[in-house]
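A.B. asks: In case you want the letters, here they are:
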Amino acid sequence: MAGKIIADTLEHSTAGSIATNYVVKGSAKAWVNFDGTGTPATTYSFGVSSLDDNGTGNYDVNYTTAFSDNRYGAMITVSDKPGSHNDNIGVIVSGSIAAGSLRLYTYRSSTAAQNDLPIITQASHGDLA
Amino acid sequence: MQTPNFKGTHLFDRLCWAKENLDGVQSDYRVVYEDSIDDCAKILVPDPNWMACALQGGILPPVWVYHELAKDEAQPDFKKHTRGYLLHQTEPMPAMTEEEAIEYLIQKDVPQNVWQNWDEGNRPTMVICRKEQLPQTREWRNAWRISDELAA
Numbered sequence: 001m002a003g004k005i006i007a008d009t010l011e012h013s014t015a016g017s018i019a020t021n022y023v024v025k026g027s028a029k030a031w032v033n034f035d036g037t038g039t040p041a042t043t044y045s046f047g048v049s050s051l052d053d054n055g056t057g058n059y060d061v062n063y064t065t066a067f068s069d070n071r072y073g074a075m076i077t078v079s080d081k082p083g084s085h086n087d088n089i090g091v092i093v094s095g096s097i098a099a100g101s102l103r104l105y106t107y108r109s110s111t112a113a114q115n116d117l118p119i120i121t122q123a124s125h126g127d128l129a
Numbered sequence: 001m002q003t004p005n006f007k008g009t010h011l012f013d014r015l016c017w018a019k020e021n022l023d024g025v026q027s028d029y030r031v032v033y034e035d036s037i038d039d040c041a042k043i044l045v046p047d048p049n050w051m052a053c054a055l056q057g058g059i060l061p062p063v064w065v066y067h068e069l070a071k072d073e074a075q076p077d078f079k080k081h082t083r084g085y086l087l088h089q090t091e092p093m094p095a096m097t098e099e100e101a102i103e104y105l106i107q108k109d110v111p112q113n114v115w116q117n118w119d120e121g122n123r124p125t126m127v128i129c130r131k132e133q134l135p136q137t138r139e140w141r142n143a144w145r146i147s148d149e150l151a152a
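If you're matching them up, the sequences are chains Y and Z in order. 1 is the number of the first residue of the first sequence in this note's numbering; add one for each residue after it. 1 is the number of the first residue of the second sequence in this note's numbering; add one for each residue after it.
Hint data in this document are derived by calculation from the structure and do not stem from the laboratory. These figures come from a predicted structure and were not determined experimentally. For every residue, glycine included, the Cβ atom is placed at its ideal position computed from N, Cα and C. Hints should not be assumed to be uniformly reliable.
Here are a few chain Y residues that face chain Z, going by a calculated C-beta distance under 8 angstroms [stated by the list, open to error]: (1) D35; (2) T37; (3) G47; (4) S49; (5) D52; (6) T56; (7) S68; (8) D69; (9) M75; (10) S96; (11) G100; (12) N115.
Same shape as in the complex, but just chain Z:
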């Protein structure tokens, strides 16, 4: 199915179109990351409807738009977003592969200090894996860390 020309269309309306016309895609990829030495490993789970939008193309804004909004929100005097138009008026991203979509999602939803420096320490603080590689039960979930086996 061809994506309509959505440039200038509100992102909410694009997502409504996608919900009605695209089947969700359950990705097998998971992103495991550690953003604090005191916390257990976190696991990023891609949303199936979002993944369908990424694979379809012409719906999602470029990831830099989210970074611009995050910069605004980090300002001490932030009250309300005034540059939301970036989400709606910026040329949408073309179709991505599943791997490209995961890279995009990492840059959107994983803290910047993790994805910018994930391999600069003694051990990686972020790993992309298949869900089958994760423990199948949640025993000791609050003690999970990235194992050497997973990092390799």
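Okay, chain Y solo, but in the shape it has when bound:
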């Protein structure tokens, strides 16, 4: 492949160096940003094959590249309007994580009711199969 750089270490002029396997292993292997209102649609993504809209505030993320098991790190951020008062939370429970997909929930925190939100971002870190 054209433009390939093979290196085991990255070195900064003053800040030190880091082995490239930290970069490779530590990168998010899949992430997605989507609008969960109306007819849900993906805005930005990587490594994701589809979303499942399972109901109010309930979505599945399906990966193109499966993880090696279900013990990977999964993060979520949610918002109804960036930069303003935010009364929402996103939740991923370990029991809903599989190697090839995960389920996430979004809530209005003041009422503890599941809620559809326009900005949902989820990222997963771990070893791939």
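Start from chain Y and add chain Z according to the hints.
C.D. replies: Relative to the frame of chain Y, chain Z by itself:
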């Protein structure tokens, strides 16, 4: 743009190439399915970057690879995938049409009990439709079912 020869290339690296070189394709197709009598209808939404890979060809593994991994994961003593090489070393799929890509995606991401038996009951439990055919608001979302109109 020609896809490089990716046979034997890690699937993650192929997806990196696709992300850098292909524009996402927002499909108008949606798959509505019911996998439990107690739950509302679910809607499968294709990912635009994945759809670009499917239409381009030479990137995605055959869908049977995912089925093999799912079989491994369903074993009671499953701890970790040991056949991940199937994702990376199997000959990638050639370019698909959008309709073929949706069929592939159904077999990958919809539960097998749904897509294998979707028309065996009194009413279909899975429908492929255009997103315009879905309700435009999410009112009573948790009560949505496949309507006779949509099933027709």
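A.B. asks: The structure should be examined with respect to each hint, and the outcome stated for every one.
C.D. replies: Hint check:
no.	hint	verdict
1	D35	violated (10 angstroms)
2	T37	holds (7 angstroms)
3	G47	holds (6 angstroms)
4	S49	holds (4 angstroms)
5	D52	holds (5 angstroms)
6	T56	holds (5 angstroms)
7	S68	holds (5 angstroms)
8	D69	holds (5 angstroms)
9	M75	violated (19 angstroms)
10	S96	violated (14 angstroms)
11	G100	holds (7 angstroms)
12	N115	violated (10 angstroms)
Hints 1, 9, 10 and 12, counting from the list given before, are not met by this structure.
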